[in-house]
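S.K.: So the protein lines, in turn, are chains A and B.
Here the numbering used here is used: the first residue of the first sequence is 1, the next is one more, and so on.
Here the numbering used here is used: the first residue of the second sequence is 1, the next is one more, and so on.
Derived from the structure by calculation, the hints contain no laboratory data.
Treat each hint with caution, since some may be false.
Examples of chain B residues toward chain A, derived with CB under 8 angstroms [said to hold, decoys possible]:
hint, residue
1, R108
2, T205
3, Q238
In silico negatives: residues of chain B with every beta carbon more than 10 angstroms from chain A [stated by the list, open to error]:
hint, residue
4, L95
5, A127
6, D160
7, N187
8, D194
9, G245
Note that this is a predicted model, so its numbers are computed, not measured.
Every residue, glycine too, gets a C-beta built ideally from N, C-alpha and C.
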Amino acid sequence: MGKLVYRHGIAERTTHWLWALALLVLFMSGLQIFNAAPYLDASDKSDPQRRVLAMGAATVDGQPVGIVTVFGHAVRTTHLFGFTDDGMGFESARAFPGWLTLPGPQDLADGRRWHLLFAWVLVIAYGVYLIAAGRRGTLREFVLRPSDLPKLWPMQLYYLRLRPEPPPHGTYNPLQKAAYTVVLFGFFPLLIITGLALSPGFDAAVPWLTVVLGGRQFARLWHFVLMVLLLGYFGTHLILVVSTGFWNNMRSMITGWYRLKEHDGVGP
Amino acid sequence: MKRRLFVASSLASLGLSGCGPIKEALTNGPFGHVLASTDRLNRAVIDTHGMARLYPDSAIDRSFRVNGLDTPSDAAYTRLAGGGFADYRLIVDGLADRPQRLSLAELRASGSLAQTTRHDCVEGWSAIGKWNGPRLSTVLAMAQPKASARYCVFHCFDRDAAGQPYYESLDLHQAAHPQTVLALDLNDAPLDPDHGAPVRLRIPTQLGYKSAKWISRIELAATLDGLYGGGGGYWEDQNYDWYAGI
Chain A
1 MGKLVYRHGI
11 AERTTHWLWA
21 LALLVLFMSG
31 LQIFNAAPYL
41 DASDKSDPQR
51 RVLAMGAATV
61 DGQPVGIVTV
71 FGHAVRTTHL
81 FGFTDDGMGF
91 ESARAFPGWL
101 TLPGPQDLAD
111 GRRWHLLFAW
121 VLVIAYGVYL
131 IAAGRRGTLR
141 EFVLRPSDLP
151 KLWPMQLYYL
161 RLRPEPPPHG
171 TYNPLQKAAY
181 TVVLFGFFPL
191 LIITGLALSP
201 GFDAAVPWLT
211 VVLGGRQFAR
221 LWHFVLMVLL
231 LGYFGTHLIL
241 VVSTGFWNNM
251 RSMITGWYRL
261 KEHDGVGP
Chain B
1 MKRRLFVASS
11 LASLGLSGCG
21 PIKEALTNGP
31 FGHVLASTDR
41 LNRAVIDTHG
51 MARLYPDSAI
61 DRSFRVNGLD
71 TPSDAAYTRL
81 AGGGFADYRL
91 IVDGLADRPQ
101 RLSLAELRAS
111 GSLAQTTRHD
121 CVEGWSAIGK
131 WNGPRLSTVL
141 AMAQPKASAR
151 YCVFHCFDRD
161 AAGQPYYESL
171 DLHQAAHPQT
181 VLALDLNDAP
191 LDPDHGAPVR
201 LRIPTQLGYK
211 SAKWISRIEL
221 AATLDGLYGG
231 GGGYWEDQNY
241 DWYAGI
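Full structure from sequences and hints, please.
M.R.: Following this line, the structure appears as structure tokens:
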């Protein structure tokens, strides 16, 4: 049995679960908001000529069908996207289904309220985490450094079982460090910034931001793309939490205590 | 058929009844107050600073998207429109020392600001139009607001299917923003009925539902309590935030 080490301070654990909840609410309420204008344009104002994604319904042979169009390529998605569950026990023309949106049925007003409230929860949890993790030294353990770069590929080979041993590392392996660094210092701030760029009041106060992002509709597209990327990270995160010692991992994020496994180091 | 915001909203109210007590408790129970509280927080942080971006005329959407409630079709509005709005008077009253009844000619004479700005709908889409009309602050100043006035409330000609009239409100700080105008023209032509003729609000620093169309009267008020649903606007009474800068 490996040694028990104290990995995550109370503030880090609390904020981790808090933003996990916030991201779930933001994801589901964000899809609710998306449903009100179920298309994304790579432009400033809405422009069908620069439409990257559209989700809608059409009638084919007298039957309603759901269609998702990505870069001009249409895919039938009936019952899942475009023509799907309306959250009230029926199906209707709706981009994302009621079971995936918050609140369930079409409700832009409340979707926005949930989204804007939990955006604050995310921002505050994220800020508190950065301070707490910075003070405890956790950030130092997982922020990717140039010296980690040569270890990324060997670590990938180890995950693919093409290499018997992982490269020597500290508390977190190089791929973990890369993922956490990109998510915490890339995805999180960019999601917040692209969200703010959608605000006409913020746009008037900080006009260069929307310009840098390619315009307001483009900011909406970035916001959506970042959500998809974060969703991809979340799926990987869950798989690895389960496959690398579920109870040990859960304990470390609930009580702080983690039992070291073979190859686990301690430190940056 | 035009896609209209109120369709979504009536579906939403159906949803409220269909989804039952959980959503009711979360949305309208004590947690509803928490949900509504970010309105003030967002306003405190973002508020009304800076200027909305101005666009070249080449960016204008010539057929500007129509949204909102149906164009008024009642006898009074139809008669005004039939007469080219010659008989129209914009009433500015309430907590004012010199209430006004302004004709379109008087409004045009009170100064005109042309601005090509982006209109951001709460639904998510954006369109660019050129708006022309006097600054709201100029018109309010003519009425000489009393010191107790904190808000201006826009009463409009349009009503929803249930007969509820549209109304909106700004505080006097938002009203004083130099880009907040009473638009008389869109894209160099007088507003047509579908775009809010003869007078609509245009506030580019907030979402589209604040830019009330078909304005008949501006009331200076000390509070928004007791006015219709108390939310300060037609959509606000249906859970949309009063501060629409975000």
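S.K.: Hint by hint, say whether it matches the structure.
M.R.: Each hint, compared with the structure:
Below 8 angstroms, beta-carbon pairs count as interface contacts, and R108(B) has none with chain A, the closest being about 27 angstroms; its hint is therefore violated. Taking 8 angstroms as the C-beta contact cut-off toward chain A, the hint placing T205(B) at the interface holds, the least distance being around 5 angstroms. At about 6 angstroms, the closest approach between the beta carbon of Q238(B) and any beta carbon in chain A falls short of 8 angstroms, and the interface hint on this residue holds. With a minimum CB-CB distance of about 26 angstroms to chain A, L95(B) clears the 10 angstroms threshold, and the non-interface call stands.
At roughly 6 angstroms from the closest C-beta of chain A, the C-beta of A127(B) falls inside 10 angstroms, breaking its exclusion from the interface. The claim that D160(B) is not at the interface with chain A holds, since no C-beta of that chain comes within 10 angstroms of its own (minimum 15 angstroms). Every C-beta of chain A lies more than 10 angstroms from that of N187(B), the closest at about 14 angstroms, which supports listing it as non-interface. With a least beta-carbon separation of about 18 angstroms from chain A, D194(B) lies farther than 10 angstroms from that chain, consistent with its non-interface assignment.
A beta-carbon of chain A comes within 10 angstroms of the beta-carbon of G245(B); the shortest separation is about 2 angstroms.
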